[in-house]
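Chemist: Construct the entire structure; sequences and hints are all you get.
Chains as they are written, first to last, in full-length UniProt numbering: chain A, 1 to 466; chain B, 1 to 466.
If you're looking for bench data, these hints aren't it; they were derived computationally from the structure.
Hints may be right or wrong, so weigh each one.
Which copy? The list can't say, so a pair holds if one copy fits it or any two copies do.
[Stated by the list, open to error] Taking lysine-lysine pairs in the DSS-like style, the calculated list, with each CA pair at most 30 Å apart, reads:
hint, residue 1, residue 2
1, 354, 448
2, 293, 221
3, 221, 300
4, 181, 221
Owing to the predicted nature of the structure, the values given are computational and were not obtained by experimental measurement.
There are 2 protein chains.
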Amino acid sequence: MKEKQQNILIIGAGLCGSLLALRLAQRGYNVSIYEKRPDLRKVDISAGRSINLAFSDRGNKAMKLVGIEHKVKTLCIPMHGRMIHDVHGNTFQSNYSGRANEYINSISRGALNSLLLDEAEKHKNVNIYFNKKCKSVDFEKTTALFKDHHTKDEFVEDADVIIATDGAGSVMRKSYYLAKKFLFSFSQNYLTHGYKELSILPKENSDYKIHKNALHIWPRKSFMLIALPNLDGSFTVTLFLSYNEGEYNFNNLTSEARVLEFFQKEFPDALAVMPNLLDDFFSNPTSPSGTIKCSPWHYKGNTLLMGDAAHAIVPFYGQGMNASFEDVVEFDAILNKYKGNWETVFSEYEKTRKKDTDAIADLAIDNFHEMKDHVANPIFQEKRKIEMALEKEFPNDYSSKYSLVTFNENIGYHEAMLQGRAQDKAILNMLSDGEISLSDDMKSILKKVKTETTTILENNRIAGLQ
Amino acid sequence: MKEKQQNILIIGAGLCGSLLALRLAQRGYNVSIYEKRPDLRKVDISAGRSINLAFSDRGNKAMKLVGIEHKVKTLCIPMHGRMIHDVHGNTFQSNYSGRANEYINSISRGALNSLLLDEAEKHKNVNIYFNKKCKSVDFEKTTALFKDHHTKDEFVEDADVIIATDGAGSVMRKSYYLAKKFLFSFSQNYLTHGYKELSILPKENSDYKIHKNALHIWPRKSFMLIALPNLDGSFTVTLFLSYNEGEYNFNNLTSEARVLEFFQKEFPDALAVMPNLLDDFFSNPTSPSGTIKCSPWHYKGNTLLMGDAAHAIVPFYGQGMNASFEDVVEFDAILNKYKGNWETVFSEYEKTRKKDTDAIADLAIDNFHEMKDHVANPIFQEKRKIEMALEKEFPNDYSSKYSLVTFNENIGYHEAMLQGRAQDKAILNMLSDGEISLSDDMKSILKKVKTETTTILENNRIAGLQ
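Modeler: What follows is the structure, given as structure tokens:
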């Protein structure tokens with residue numbers, strides 16, 4: 001059979017699955033997608049969670065690959081930096097980069113997913129089936145069992161290859177785990193913090209109540225509130241808070257009076273623009289946040305896990321969607337090299353990709369602590385100021401860890417992590433020891449940072465830590 | 001009800017369960033143990049795996065606690081260091097410590113387990129039931145369902161508290177995972193290497209064919225062979241090898257000729273004393289090796305995971321059994337503080353203990369690479385020589401990472417890991433930079449190592465890595 005006439009079955013029509021379908025359709029494969037939910041273009045299925053997401057350069061690289069960069073741009077609201085809110089309502093902005101063209105975007109999950117589905121459906125070799133829930137995958141026979149939500153009928157679909165992009169709760173990953181046919185390394189690690197989505201509604205004239213072009217953070221050491229803008233003038237606000245530790249936690253915020261007391265004490269300026277707080281708080285769910293890693297991602301040349309199904313991460317680096325989109329870019333490049341042999345394609349893809357998705361998973365947990373705590377710490381703030389100045393002064397010679405991860409789509413996450421962590425350590429230690437300060441000549445700071453970073457990386461290498 | 005009249009049900013009569021039963025019986029509780037296997041004192045149930053184990057100071061602390069240190073001593077064969085065998089059959093010994101009284105022991109799993117069962121059974125408040133396999137645990141009702149191996153009958157047992165010491169494949173841990181009643185973080189990570197047990201039989205006069213008092217290692221970078229002595233003059237030999245990578249691997253060592261070729265090429269001196277190699281190789285199983293971590297270890301005050309059921313580790317630090325024994329010591333200390341409130345006992349135990357079992361899990365993986373690779377590396381060998389000299393010269397002032405982990409039972413694994421890794425990094429980097437060498441005055445080396453170690457720990461602290 002010709003490679004292009006092969007039938008590829010994709011489980012899950014979310015962000016990763018619909019992009020993958022689009023790309024594989026462009027390459028000429030016959031693609032069927034099965035999605036358990038209804039068509040989100042016809043039915044409102046938002047459930048008070050993850051309404052908007054951070055979209056940045058790695059995600060955009062994927063949009064370029066499939067040729068829809070300009071359509072996506074119209075959905076984006078640029079966020080140039082973090083707007084930090086202290087407990088008295090004072091704010092200061094800390095940019096994401098010293099280079100003016102480097103910023104992240106807030107984007108609606110639903111609008112972007114709709115666009116990807118529309119673009120995929122333009123290809124006559126793509127068929128999308130909604131309300132079909134995958135129950136299990138037989139990865140020896142390369143078949144999947146589905147149940148139709150309306151008729152309740154169960155049916156089996158056969159394919160040359162099955163790719164599961166069915167998210168953090170992946171049914172196919174569960175089949176791998178339960179079958180015990182091969183050694184399956186697997187981890188699910190939950191944070192002790194849950195999250196709840198709230199909102200800041202627009203002004204009556206549809207204007208934004210707080211600064212539009214920033215990611216707002218109310219860092220409070222052991223918990224935080226964040227807000228990202230939507231195109232309609234509202235903000236989606238998320239509270240990250242422990243389930244059961246600390247004076248206020250999700251388990252004891254059970255009365256209206258106590259929720260108001262908590263916001264009045266910790267987030268008075270946010271409370272002032274959230275008259276709908278109590279409605280949101282008591283009608284929206286509290287959800288857990290966790291990291292999932294596993295290996296292998298594939299079984300022979302039959303089945304493959306991709307996106308959150310293979311590597312779900314916590315949301316704090318704004319890279320979850322971007323990493324899943326980058327999966328498709330990496331997979332496409334591997335296909336260019338090895339197409340014709342699915343087993344090689346799958347194993348080379350995992351070999352190339354897994355170190356990077358492991359790295360962004362760890363970086364995302366680091367950033368949880370950075371956002372809720374470190375951003376309010378003077379030495380971390382001084383580091384950020386130095387890095388902004390270095391990026392501005394030497395745009396081609398310096399990129400912070402944040403920039404390496406977020407704006408350097410041609411550097412893998414793993415390399416960005418090693419380099420970025422070494423730079424952070426170098427700057428923090430030199431600041432602490434008084435070896436550099438913001439008033440120094442920037443050229444001398446750059447040189448010292450580079451030298452110290454190289455030493456740190458080399459010392460780690462010698463000690464066998466890398 | 002009086003604390004002492006409470007009924008404690010233990011699932012699993014292995015090393016950890018039988019020690020725990022003994023200690024709880026000494027404290028006056030009513031203890032029932034249910035074990036799925038037959039009584040190992042009556043039936044030979046060794047299945048070609050993990051016949052002997054490394055026993056050291058943390059394990060011995062537990063033996064002291066229950067008063068059987070001297071009985072255990074008679075089962076021990078001291079191993080003073082690693083005997084490294086190169087590919088030409090040359091050997092050199094690298095001691096575990098510069099202090100003469102610090103060594104590890106080879107001990108028979110079966111003999112030690114038998115002793116612990118005998119000691120537990122001396123208490124009339126202990127009942128042990130064999131051939132009763134746990135099928136599931138209801139951790140709300142504090143009951144466990146068992147199946148009798150002979151009668152095939154199923155029955156439910158009730159208790160005030162259930163403690164599962166049922167090993168890496170724990171049924172209770174699986175109940176936690178499947179019930180989805182609470183957020184259960186869980187990981188199982190397999191090495192890409194499997195292991196197979198082989199043997200070096202005694203001489204005709206029952207003497208040892210190779211040096212008795214050492215742990216023998218044949219390090220070959222990507223794989224290795226090790227051997228530990230038994231009291232009968234034999235050695236249990238273990239081959240650690242990739243399942244599917246490299247020229248020789250478990251998947252392609254399928255013919256007698258190929259196994260002989262492999263041993264002839266890589267382990268000629270071992271092959272010379274293993275005339276029974278092919279029988280062992282093809283009759284013993286190839287088993288995987290993995291790390292298991294999870295949290296929480298307990299559900300309310302009803303049930304608790306302990307030993308391998310809570311934290312299975314790879315065998316390369318010789319700490320698996322010692323860590324499980326230390327669990328009992330730590331649990332006993334927590335009982336002293338909080339007895340009367342099981343929920344507090346369980347949660348405080350996990351809070352105190354988990355950082356240490358996580359640390360030894362990571363250290364054990366590090367040691368896999370150290371044993372198969374680094375021990376044959378000149379700079380690591382030089383580091384070991386310096387550390388032996390420091391320990392000999394300054395017995396009260398210096399302990400290597402290995403000593404901190406193995407011989408310092410009053411320092412937790414986590415602290416041993418942080419201090420030990422910093423020391424390793426300090427010495428390796430100073431050796432590499434020519435800042436220290438074996439010919440230097442030892443007092444000056446000690447000072448430099450201490451200063452550099454402090455700097456490394458402080459720099460890590462500032463960078464927020466700890």
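Chemist: The structure should be examined with respect to each hint, and the outcome stated for every one.
Modeler: Each hint tested on the structure:
1. 354 x 448: neither (33 Å within a copy, 40 Å between copies)
2. 293 x 221: Both: 27 Å inside a copy, 27 Å across copies.
3. 221 x 300: between (46 Å within a copy, 28 Å between copies)
4. 181 x 221: Classified as between; 29 Å across copies, 45 Å inside a copy.
Hint check: a violation occurs at hint 1 only; the rest are consistent with the structure.
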